[in-house]
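Can you build the whole structure from these sequences, using the hints too?
Number of protein chains: 2
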Amino acid sequence: MKVAVLGATGLVGRTMLKLIEDRAWVSGDPVLLSSARGAGTKLEFAGRNLECKEVTAEDFHDVDIALFSAGGDASRIWGPVAAGAGAWVVDNSSAWRMEAGVPLVVPEINGRLIKPAGLGEGGIIANPNCSTIQVAMAVAPLDEVFGVREAHVTTLQAVSGAGQKAVAELERQEKNPSSEGNDIFPRPIFRNAIPAIGAALPDGSFEEEDKVVRELRKILDRGDDLAVTCTATRVPVVTGHSAAVRLVCDKPINLVRAADALNKWPGVKVDSDPHGYLTPREIAGQATVHVGRLRAETNNPHALMLWVVADNLLKGAALNAVQIADLLAGKSQS
Amino acid sequence: MKVAVLGATGLVGRTMLKLIEDRAWVSGDPVLLSSARGAGTKLEFAGRNLECKEVTAEDFHDVDIALFSAGGDASRIWGPVAAGAGAWVVDNSSAWRMEAGVPLVVPEINGRLIKPAGLGEGGIIANPNCSTIQVAMAVAPLDEVFGVREAHVTTLQAVSGAGQKAVAELERQEKNPSSEGNDIFPRPIFRNAIPAIGAALPDGSFEEEDKVVRELRKILDRGDDLAVTCTATRVPVVTGHSAAVRLVCDKPINLVRAADALNKWPGVKVDSDPHGYLTPREIAGQATVHVGRLRAETNNPHALMLWVVADNLLKGAALNAVQIADLLAGKSQS
Chain X
37 MKVAVLGATG LVGRTMLKLI EDRAWVSGDP VLLSSARGAG TKLEFAGRNL ECKEVTAEDF
97 HDVDIALFSA GGDASRIWGP VAAGAGAWVV DNSSAWRMEA GVPLVVPEIN GRLIKPAGLG
157 EGGIIANPNC STIQVAMAVA PLDEVFGVRE AHVTTLQAVS GAGQKAVAEL ERQEKNPSSE
217 GNDIFPRPIF RNAIPAIGAA LPDGSFEEED KVVRELRKIL DRGDDLAVTC TATRVPVVTG
277 HSAAVRLVCD KPINLVRAAD ALNKWPGVKV DSDPHGYLTP REIAGQATVH VGRLRAETNN
337 PHALMLWVVA DNLLKGAALN AVQIADLLAG KSQS
Chain E
37 MKVAVLGATG LVGRTMLKLI EDRAWVSGDP VLLSSARGAG TKLEFAGRNL ECKEVTAEDF
97 HDVDIALFSA GGDASRIWGP VAAGAGAWVV DNSSAWRMEA GVPLVVPEIN GRLIKPAGLG
157 EGGIIANPNC STIQVAMAVA PLDEVFGVRE AHVTTLQAVS GAGQKAVAEL ERQEKNPSSE
217 GNDIFPRPIF RNAIPAIGAA LPDGSFEEED KVVRELRKIL DRGDDLAVTC TATRVPVVTG
277 HSAAVRLVCD KPINLVRAAD ALNKWPGVKV DSDPHGYLTP REIAGQATVH VGRLRAETNN
337 PHALMLWVVA DNLLKGAALN AVQIADLLAG KSQS
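Going down the list, the protein sequences come from chains X and E. Note that the numbering used here gives residue 328 to position 292 of the first sequence, counting from 1, and the numbers run on in steps of one. Note that the numbering used here gives residue 138 to position 102 of the second sequence, counting from 1, and the numbers run on in steps of one.
Below are the DSS-like pairs computed for lysine-lysine, each with C-alpha atoms no more than 27 Å apart in a straight line:
hint: 1; chain 1: E; residue 1: K211; chain 2: X; residue 2: K211
hint: 2; chain 1: E; residue 1: K38; chain 2: E; residue 2: K78
hint: 3; chain 1: X; residue 1: K211; chain 2: E; residue 2: K201
hint: 4; chain 1: E; residue 1: K201; chain 2: E; residue 2: K54
hint: 5; chain 1: E; residue 1: K211; chain 2: X; residue 2: K201
hint: 6; chain 1: E; residue 1: K38; chain 2: E; residue 2: K54
hint: 7; chain 1: X; residue 1: K367; chain 2: X; residue 2: K151
hint: 8; chain 1: E; residue 1: K151; chain 2: E; residue 2: K300
hint: 9; chain 1: E; residue 1: K305; chain 2: E; residue 2: K287
By construction, these hints were calculated from the structure, which means they are not laboratory data.
Printed below as a string of structure tokens:
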């Protein structure tokens, strides 16, 4: 399969590149695409330096799979162009996620929605929001066993989810705590916690919170019958999102069955000790979604609580997208 | 009133000292007490240097109010000694909080439990846990209007809540990220989030979570009819605890009434814009508990969500204790 990466110079784009280096279905060098600003940037792929070029419509003519991570505006413009040219677009932006007819896919949950791609068919498949993916990976196995009725989520999200400039902003403030200027975050992020991610929406939420609510329902193929709430916070962590999750289920909770369901799920590991947990810094670089602090709720036999950590650049973004590409290429998820 | 401070060399003890400098009811210099280790330490009070001495039973003989912040073991030993000698002990440790007959007081909520102290009466009054105080300050006004049935809390807690050595551990890791040795926290705290505060308890919770559950009920004079859950996390913030709180109430929520009830409450300020909030770094040094991100829940007309930040050393510890002392001294809270 001939591959293009749009947004190749970004944190997620670079991670995508690294991940497809050893994919057997990738034929030849990937076409590296970016905005005019990123054009000319040299990026390493399989030990060679490839040059990034400014995206044009012609770039997609021979492409089978186009991995997009260049933001919503670029995806809205170039998604239909690439799909129209016969490429399968795996889009990491939020542009197409809630569009009817566009599958929103976490391979371990609803990978069935993806059929191996025929040459020249083309289409758009959406990669979910970073924090939504890891929460969905923890909720799906429990939904299967207990029937989840409510999911209440508080996230503690890493700065790398907001890109390279966000990491640089934290690093700058770490070096000089009194340094002025918050370009990326609305308040200083060093030694702080900010309960606001993305644009303000009319319903009182911020975009990130709305993504968790709506995307979780779409991934789990549920409607309003699944009540979801979210408070999304940014914390001074470089990589690794955390989520404290409380679930209320149709059936009474049995912790042994809950741990078992999570452990059997591909891509999930659970620490069945209620005091066991991993922290974001520990799991950065890992493909797995880790569940810990698994506890029943004494007040409510139908409720349980958990702590979910995952690498937001891997399973939360680039890895999930490449796993979707694996399915398109006819390979099982890895 | 003659005052003693036990644990005067600690972060909370030093803050107590600062706060009583301008209290008119304080007569003469406070007696500064500590363990053998802290004895000899010079501390500033009202522009003079006072020396800390190792605590003995005699130190409490002339004392009217003894502010304790030297840990649970010291409080268990010296609380009854000081109270027996006729002092009123305001204890910041967890030792006496859940003891029947010991009032657990947040002056703005249940200050009625404290009567101005007669000389030589003596007794113990417990100062609640830091994160519990700020959550209680946000829940109490809403409980009065809507009848709170469930409180689900996720905290993001500052390192200063664990004392001076904890702050030093974060600072050391900030300067040298690869520096080994976590003496205070179970994992590196720099660029991390740790969902474990205090000792592991048999029910699967950690101590801090259990404190929020049980102390919140005691402060609000409620029993098991108030369902409380908590996930307590430590984040790399120096001072200022944050809590994402979701409440389910008996009555349907009206956001205007909710904001009004919070704003009328002494010691609380609310930002009634659902996107409005303050961050822990911004409010460090302030006496007020700040509530923001006030949102109704679309799935459930009886539920609402909020973001609560407060200075854990002030309202979460030293200030609340000194406000209790104000009531003992017959002054209204300030």
